[in-house]
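Protein sequences appear in the order of chains C, F, U and A.
All residue numbers for the first sequence refer to our numbering, where the first residue is 102 and numbers rise by one.
All residue numbers for the second sequence refer to our numbering, where the first residue is 102 and numbers rise by one.
All residue numbers for the third sequence refer to our numbering, where the first residue is 102 and numbers rise by one.
All residue numbers for the fourth sequence refer to our numbering, where the first residue is 102 and numbers rise by one.
Simulated from the structure, these hints should not be mistaken for laboratory data.
Every residue, glycine too, gets a C-beta built ideally from N, C-alpha and C.
Don't take every hint at face value.
Computed from the model, here is a short list of chain U residues facing chain A with C-beta under 7 Å [to be verified]: (1) Arg269; (2) Arg332; (3) Asp334; (4) Asn345; (5) Ser347; (6) Met349; (7) Lys357; (8) Leu359; (9) Val367; (10) Gly368; (11) Ser397; (12) Thr403.
Protein chains: 4
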Amino acid sequence: MIESSLTLKNPTRLTYGMVGGGEGSFIGDVHRKAAAFDGKTDLVCGCFSQDEQKTLDTGLGLGIPPSRLYKNYVDMAREEGARENRIDFVVIVTPNVTHYPIAKAFLENGFHVVCDKPVTVTSAEAAELEKLAREKNLFFCVTYTYTGYPMVKHAREMIRQGVLGEIRFVNAEYPQDWLSTLLEASGQKQAAWRSDPARTGASNCVGDIGSHIENMISYLTGFKIKRLCARLDTMVEGRILDDNASIMVDYDNGSKGLYWSSQIAVGHDNDFRVRIYGSKASIEWSQENPNYLKVSYLGKPTETLSRGRDELSVHAGTYPRIPSGHPEGYYEAFANIYKTFVTMLIKKKEGETPTEGDLDFPGIGDGRQGVVFIERCVESSRRGAIWVDF
Amino acid sequence: MIESSLTLKNPTRLTYGMVGGGEGSFIGDVHRKAAAFDGKTDLVCGCFSQDEQKTLDTGLGLGIPPSRLYKNYVDMAREEGARENRIDFVVIVTPNVTHYPIAKAFLENGFHVVCDKPVTVTSAEAAELEKLAREKNLFFCVTYTYTGYPMVKHAREMIRQGVLGEIRFVNAEYPQDWLSTLLEASGQKQAAWRSDPARTGASNCVGDIGSHIENMISYLTGFKIKRLCARLDTMVEGRILDDNASIMVDYDNGSKGLYWSSQIAVGHDNDFRVRIYGSKASIEWSQENPNYLKVSYLGKPTETLSRGRDELSVHAGTYPRIPSGHPEGYYEAFANIYKTFVTMLIKKKEGETPTEGDLDFPGIGDGRQGVVFIERCVESSRRGAIWVDF
Amino acid sequence: MIESSLTLKNPTRLTYGMVGGGEGSFIGDVHRKAAAFDGKTDLVCGCFSQDEQKTLDTGLGLGIPPSRLYKNYVDMAREEGARENRIDFVVIVTPNVTHYPIAKAFLENGFHVVCDKPVTVTSAEAAELEKLAREKNLFFCVTYTYTGYPMVKHAREMIRQGVLGEIRFVNAEYPQDWLSTLLEASGQKQAAWRSDPARTGASNCVGDIGSHIENMISYLTGFKIKRLCARLDTMVEGRILDDNASIMVDYDNGSKGLYWSSQIAVGHDNDFRVRIYGSKASIEWSQENPNYLKVSYLGKPTETLSRGRDELSVHAGTYPRIPSGHPEGYYEAFANIYKTFVTMLIKKKEGETPTEGDLDFPGIGDGRQGVVFIERCVESSRRGAIWVDF
Amino acid sequence: MIESSLTLKNPTRLTYGMVGGGEGSFIGDVHRKAAAFDGKTDLVCGCFSQDEQKTLDTGLGLGIPPSRLYKNYVDMAREEGARENRIDFVVIVTPNVTHYPIAKAFLENGFHVVCDKPVTVTSAEAAELEKLAREKNLFFCVTYTYTGYPMVKHAREMIRQGVLGEIRFVNAEYPQDWLSTLLEASGQKQAAWRSDPARTGASNCVGDIGSHIENMISYLTGFKIKRLCARLDTMVEGRILDDNASIMVDYDNGSKGLYWSSQIAVGHDNDFRVRIYGSKASIEWSQENPNYLKVSYLGKPTETLSRGRDELSVHAGTYPRIPSGHPEGYYEAFANIYKTFVTMLIKKKEGETPTEGDLDFPGIGDGRQGVVFIERCVESSRRGAIWVDF
């Protein structure tokens with residue numbers, strides 16, 4: 102045992118609860134691993150399922166006492182709201198259509214929120230949550246995972262500093278192939294809810310992955326979409342919603358964009374790729390090879406920046422956890438979203454003022470904008486793939 | 102010396118002449134190297150420039166006697182037409198706007214024609230040449246180079262045989278960066294004529310490279326475009342024509358396509374890439390890495406086919422000249438266009454009936470379709486990037 | 102709160118302590134994240150440094166009470182050994198030369214051990230630990246990280262099943278560039294201890310990374326080295342130990358190997374790459390792109406297997422945690438070593454008999470063999486890069 | 102027809118003859134295409150086979166009159182030597198063991214020589230040819246193709262200018278898989294002569310492809326080998342000569358090298374790859390992707406140089422024939438060897454003094470050194486893979 106004469110300092114830790122994410126859920130486990138990654142949070146309560154036994158099994162497996170496992174989210178929001186050692190924030194990982202009422206309940210009980218994207222299924226709901234969070238002075242993080250990668254953060258900084266010159270064109274794509282067949286007919290859980298308008302909203306492909314493109318480009322460039330022209334296709338017979346989408350975008354500064362997302366592009370796993378072309382240089386980043394950033398300049402050789410090896414901007418440089426060549430992946434990117442959110446809440450709890458970097462997580466404003474994007478794409482396509490204003 | 106008792110067989114060879122391609126020309130030299138590659142043709146006359154001295158210098162450097170070097174193409178077409186040992190075909194490598202009158206003159210004098218793309222600057226001109234060639238029973242090859250690559254020919258065969266299943270979506274792009282600045286202002290020859298409507302026609306980017314996409318997809322799939330929606334951008338200040346183009350395409354069988362061509366995409370040299378997604382499999386081919394073909398199947402690992410190593414279709418398999426791993430490039434692809442055209446003419450000369458494979462070169466019909474494509478893109482974009490019928 | 106009528110099942114969890122890994126340590130944090138990844142373990146005690154204040158600060162930051170923070174490893178082994186709620190295992194992450202006494206102390210007090218590689222600096226020490234563990238019936242895991250990648254596990258299974266035919270040749274390399282300059286002179290901590298014989302043992306480059314090659318090839322093929330010829334170079338002036346090593350290996354079955362490890366190979370981050378050539382097929386795997394496995398067959402196209410997308414062997418298939426295209430990296434591989442070790446200990450605790458798969462973690466036998474490899478390489482090189490028996 | 106008042110200038114052209122290269126030969130056709138590529142040479146005579154009818158058929162197909170087709174090389178050397186319009190040089194493309202007498206005959210008759218590698222099967226023969234060429238003041242080009250690639254020439258210039266700093270380590274490999282089975286037993290022509298000591302000499306794998314490594318590294322670095330340790334393997338049962346070789350090399354300046362060549366490395370077509378590591382930077386070049394050069398620096402991002410796009414050294418910059426992104430391959434590299442040799446001979450014929458760049462083709466000295474390398478590797482391996490002096 103250590104001498105008692107030494108200084109003792111207990112660092113601040115946060116507690117949180119979760120709604121959704123019962124056994125068999127994919128994203129619930131991802132959130133728990135990401136939140137736990139840096140060892141600053143403890144999951145202490147939850148309502149993991151509408152099935153009480155499942156909530157109990159999941160909760161006990163996570164070391165949560167039955168006293169803080171709840172039948173439904175309404176009880177959870179109210180009872181946790183009344184506790185002295187109440188949680189610091191709640192994580193919502195339920196199907197899209199339920200995000201709104203759950204988030205609302207927790208905001209009303211004074212909790213910060215972390216919620217999956219798309220944050221709601223209508224922009225009106227999103228706007229309401231945004232207003233509520235502002236009024237209550239609460240933080241609301243929408244987990245667009247991919248902006249958590251350090252090379253993305255560095256790319257944003259390069260763009261901000263003008264390294265690319267004036268940005269002329271954006272080409273971003275997100276092809277997958279897992280819905281190349283009518284997988285939802287087999288009862289596969291992920292396919293079933295994503296392709297069902299009653300649970301997922303008005304779009305499948307744009308809602309699930311096209312919206313990541315919108316968020317990423319908005320994050321990297323800060324550009325506002327002025328108008329767009331979207332052709333949403335349903336390529337697999339028997340499917341109700343879109344599984345492939347081509348979208349032309351005009352930004353309000355005169356730059357142009359071209360987005361493609363697909364779930365029927367055979368051979369692609371999760372091949373989110375972004376290319377941004379400026380008057381002086383361009384960048385290319387690929388989610389499946391996320392530790393590298395290709396940068397091409399006019400008049401000099403193309404460079405490949407390696408996370409850890411090459412110098413990153415000060416802010417981006419705070420995210421990597423291991424040396425170059427030791428690949429960091431999806432979990433680490435997700436953990437970075439939490440790292441920023443949690444660090445910010447800890448600072449707030451300790452009375453510190455968050456810096457700009459501390460607020461570098463996707464917020465409810467980004468979430469609302471994402472829902473508007475989905476709505477406009479659906480509208481454009483329904484009207485014959487015509488141009489609609491954003 | 103060899104015994105005279107042995108059998109002597111003199112193989113048939115062809116002669117040709119060239120219009121354009123004087124010193125300093127890029128594409129003229131490419132045509133000459135390509136035509137010479139397999140040792141079946143001899144360049145025996147020409148009018149390489151409007152400047153007689155240049156024609157003389159170029160011609161003598163190529164070993165052509167002054168008696169078959171011409172002041173202008175009109176003389177050349179007429180005089181060659183009157184010779185007993187007249188050339189078998191003519192190659193036209195002048196700026197776009199002059200293709201039509203030159204081709205017409207040679208067709209009228211009974212010559213087969215090889216001409217650069219786009220074959221004309223209006224579809225009416227192209228239709229007239231097509232009619233003339235048909236009436237005169239002459240062959241007219243339009244040198245869309247990229248269909249000459251063996252892996253492209255194999256990909257077409259795979260598609261024909263149904264390996265990909267029903268084709269759902271095509272994503273093709275052709276980014277370059279050489280016009281990222283106002284290069285034409287510097288007097289650079291290639292930039293100057295390509296960006297000048299008086300020499301190049303109504304489009305720069307779509308006309309020069311977007312048209313390669315149209316031809317390639319048409320070659321690979323056989324699909325007909327039903328309608329398209331094109332946004333042509335001029336990204337560099339001071340430029341008159343387009344330097345970036347995003348095009349949505351609906352094919353008449355319900356499949357969809359997305360084309361992007363650009364000359365301002367910093368970091369891309371000549372990065373023509375084609376991806377075709379079917380219900381069972383997809384293919385990906387890139388011009389900068391042309392000896393490989395990526396094939397992805399649903400439910401089994403992605404394959405990389407290597408020219409020479411892996412089995413090609415019978416027809417595609419006749420094109421490679423060296424073993425696998427010895428890269429064949431642009432010149433060899435170009436030489437393949439000539440190889441097919443020349444083999445066909447030799448067979449014809451020897452009284453043989455050409456097979457389907459002997460006719461596997463881009464013809465005047467393909468050339469005309471390419472001009473229509475350019476016209477439709479320009480029209481769509483001028484009217485606000487709206488959908489126009491093909 | 103949940104109804105009390107439901108079934109309650111508390112899953113078994115493990116506790117562990119750590120020696121080494123104080124603030125500023127790289128590998129200590131990696132071990133903690135890896136052990137925590139799947140939520141089955143709790144770190145409950147430790148001696149993180151020889152500096153008590155540092156142990157205290159580190160421990161409190163990790164939520165460990167002062168009562169289970171120890172001045173030195175001797176106290177820790179003894180006191181924890183005497184507790185009723187004693188830890189299940191200890192993790193040793195100190196410099197190489199101290200592994201032996203620390204591991205010995207914990208084995209003697211009846212603890213399972215997880216220890217960094219190389220497990221000791223002499224093979225005699227390793228043999229002694231192996232004997233002790235066997236006598237005490239304790240498990241001893243040596244954390245050769247890279248065998249934790251799922252694609253490596255699948256490759257091993259392919260080899261075992263004879264997919265490659267008879268293996269003829271192995272080419273494995275592990276180049277890095279971080280010691281291209283005399284970094285240790287700057288006081289950089291990682292460089293300082295690794296290049297110091299007093300802390301790292303008789304070899305730097307072979308000991309640190311060459312030994313990963315030995316372990317990986319042994320894991321994949323099961324081959325025994327019969328003799329080797331090693332040339333160890335010291336390329337940077339002022340350095341004492343090797344920083345580059347070329348090693349020819351003859352296996353006892355007649356197969357041959359060629360290993361190269363380097364810390365002065367400019368441009369390589371952590372570029373561990375393995376290629377194994379058989380009479381029927383070959384595999385290639387690269388640590389920097391770990392979610393893919395290239396498989397080439399005689400007479401059919403080369404395949405790229407994607408983790409999550411393509412079917413893995415039953416055992417390998419239990420390791421991935423997220424769908425294909427969501428990259429898993431170094432932390433997840435490291436977590437897989439712990440996952441196997443912890444699952445095995447939990448089964449043991451619950452009275453179950455571990456299966457072969459449950460024992461798929463690198464053990465003390467592997468660790469001892471690794472030390473022998475380092476010794477033989479040093480011996481061969483010192484005697485003029487001659488062949489020495491293994 | 103052109104005005105007769107204009108200036109006429111007839112450029113100098115060269116004529117050559119060929120020994121070997123009859124129908125069915127691979128390399129003969131490659132030489133002819135390469136020699137013809139830039140339009141400065143004419144093939145005017147030959148002895149293409151020991152079979153007269155085959156020589157006749159081949160020759161007529163190439164447009165050569167029967168009067169300059171020869172029964173055997175002895176006649177050809179003598180008769181051509183006696184002609185007024187005698188050829189400028191001879192090309193020898195016969196099996197290795199016959200190079201020596203043929204080259205000798207032509208040198209003795211005063212002809213410059215182009216000969217395939219390895220130039221002879223013993224170093225004594227090579228030394229004799231070297232002496233003879235020097236005495237007769239004749240040029241002798243040994244066609245190590247791969248130094249003809251522009252990016253290789255640029256890499257050499259970078260090394261000469263010290264961009265890499267002091268070179269520490271070379272890792273070069275040349276794996277193929279075409280001899281993974283006992284192909285020679287099937288009668289395949291290429292396999293049959295290469296694996297037959299009577300036609301190919303003492304080594305197959307080192308002689309055929311390992312020797313390319315030796316030449317390339319010598320070309321790039323100028324390093325002299327001091328000693329080497331070679332393990333030559335015969336992996337396929339029934340084969341007489343080596344099909345896999347691992348070679349450690351010590352250069353006389355203290356740098357070290359590691360070479361691997363293989364014909365049984367399943368999955369590799371012609372995968373010649375060179376990596377050179379210096380104290381400041383490294384380069385990597387791959388023959389299968391020859392238009393690019395990877396350059397890594399300490400302390401800045403890795404660069405990918407693109408032929409045509411990025412600035413090459415003045416000398417290297419004279420070789421590319423087409424813009425960047427239009428791939429140049431094996432034929433163009435081979436044509437570059439001829440381009441240099443032919444340009445030099447033309448200059449000589451016109452009385453000009455060749456510059457250093459004009460002499461940038463592999464000469465008989467390089468050829469002799471290559472044969473010594475093969476001999477030393479065979480010797481080292483036969484004596485138990487021990488170190489032997491060069």
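Verification of the hints:
no. : hint   : result
1   : Arg269 : 5 Å, holds
2   : Arg332 : 6 Å, holds
3   : Asp334 : 6 Å, holds
4   : Asn345 : 6 Å, holds
5   : Ser347 : 5 Å, holds
6   : Met349 : 6 Å, holds
7   : Lys357 : 6 Å, holds
8   : Leu359 : 5 Å, holds
9   : Val367 : 4 Å, holds
10  : Gly368 : 3 Å, holds
11  : Ser397 : 3 Å, holds
12  : Thr403 : 6 Å, holds
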